[in-house]
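S.K.: The listed protein sequences correspond, in order, to chains A and B. Start counting the first sequence at 1; every next residue gets the next number (our numbering). Start counting the second sequence at 219; every next residue gets the next number (our numbering).
In case anyone wonders, no lab produced these hints; they're calculated from the structure. It is possible that some hints are incorrect.
To be verified - Computed cross-link-like contacts, DSS-like style, restricted to lysine-lysine with a CA-CA straight-line distance of at most 25 Å:
no.	chain 1	residue 1	chain 2	residue 2
1	B	K268	B	K344
2	B	K351	B	K391
3	A	K183	A	K133
4	B	K391	A	K50
5	A	K76	B	K391
6	B	K425	B	K385
7	A	K76	A	K50
8	B	K371	B	K344
9	A	K102	A	K50
10	B	K320	A	K173
11	B	K371	B	K294
12	A	K164	A	K153
13	A	K164	A	K102
14	A	K102	B	K344
15	B	K294	A	K173
2 protein chains.
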Amino acid sequence: MQSDKPMLQLALDTLDLDTALEFTRLVAEVVDIIEVGTILCLAEGLSAVKTIKTLYPDRLVLADVRIAEAGGLISKMVFEAGANWVSVLSSATLSTMEVVAKEAFSHGGEVQIELQEDWTMENAMKWQALGIKQVIIHRSRDTEKAGMSWGSKDLDIVKDLSDKGFKVSVTGKLSIDDIAVFKGIPVYAFVAGRAIRDAGNPTQAAKDFQNAIKATWS
Amino acid sequence: MQSDKPMLQLALDTLDLDTALEFTRLVAEVVDIIEVGTILCLAEGLSAVKTIKTLYPDRLVLADVRIAEAGGLISKMVFEAGANWVSVLSSATLSTMEVVAKEAFSHGGEVQIELQEDWTMENAMKWQALGIKQVIIHRSRDTEKAGMSWGSKDLDIVKDLSDKGFKVSVTGKLSIDDIAVFKGIPVYAFVAGRAIRDAGNPTQAAKDFQNAIKATWS
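Chain A on its own, in the form it takes in the complex (with noise of 0.2 Å):
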């Protein structure tokens, strides 16, 4: 599944699971990961991630649970229902990540931290050494509410953070466009929703995001 070429993942946050099921019959051939978010988990609850995962074996899904506390059971209940990754947040204790990577681990899963505002690196070199690899940065705001693309800063972050040995994943309204800023970056995945679930062809919305990280990668 990894290559040196970035994943596409389909961040799936729709109210409903037969919602979700329009898109993923679309798209889910043509992405690498589905996000069952964490919406569309308190929506439905844990069974959204058993239905995707029965549906698709061969993708790997992620379970935006966004963990805060009570790691263990939360993660326990995520990889029972068949999920491959589990997003933590970057504001939990260190014994919270360390009972979620425990419990991932022992499903052959992952753990992905979503750095929130005031993530620090120092922090994320003790998650590392819990054996967490995996990060997801969101484009700052400010730049997203200006209508800019990603900025410098956010892709120093993002570089840093590989050159740490973390497998970065970048979010926050990605546009096909976007996707050639990181020429030079290593990103493990692109995020998409909205520009997937919301294109006239949601199909070829998603193979042109594929086609740009090919070309962008190449």
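Here the structure of chain A is known, so what remains is to put chain B in place on it, guided by the hints.
M.R.: Below, chain B without anything else, positioned relative to chain A:
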């Protein structure tokens, strides 16, 4: 609902709704607030909140979804499911707090900020400026792990937040014996989960909590 005497909140962190209902059936009329915990929300989806509120319309219902992001949409879902209160993590951005507060107030609801390790009083005053009145504080893990009751440091924080105008709830493996420790300190609600659910007689355990509160605040 509000009085000088602290309220009693039942935390429901069961893995499914039916197990939760086994307990609410026994104690809903004794407690003041029913918390639909993060784990139950994830296990069953927000229909769990709807079922609890439908069964117990006169109880306050907290949807403990611990919002980190996407606050507008999640809080809309939560209040439409019938919750009175919604929880938000202290690490959420101020703009997330703002959209949650707006959504909550439009439903006559309230926002409860869960204080994580790195919260600051400076931020707390910004939440208050948004109209957010409730915070919940967890007993420090160190004292919990050491098997000790609430420490004077914890109590000072409760008092300080209360002095600054917050309604402060407290949680963290509370037992009936802990209640008296808070004598003279303004507590908005005591949260009890396992101490009630694991009791041989949950109804009596909830009554014992209420009696301990009455005795301490008489």
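S.K.: Identify every previously stated hint that the structure contradicts and give their numbers, smallest first.
M.R.: Numbers 1, 4, 11, 14 - these are the hints that the structure violates, sorted from lowest upward.
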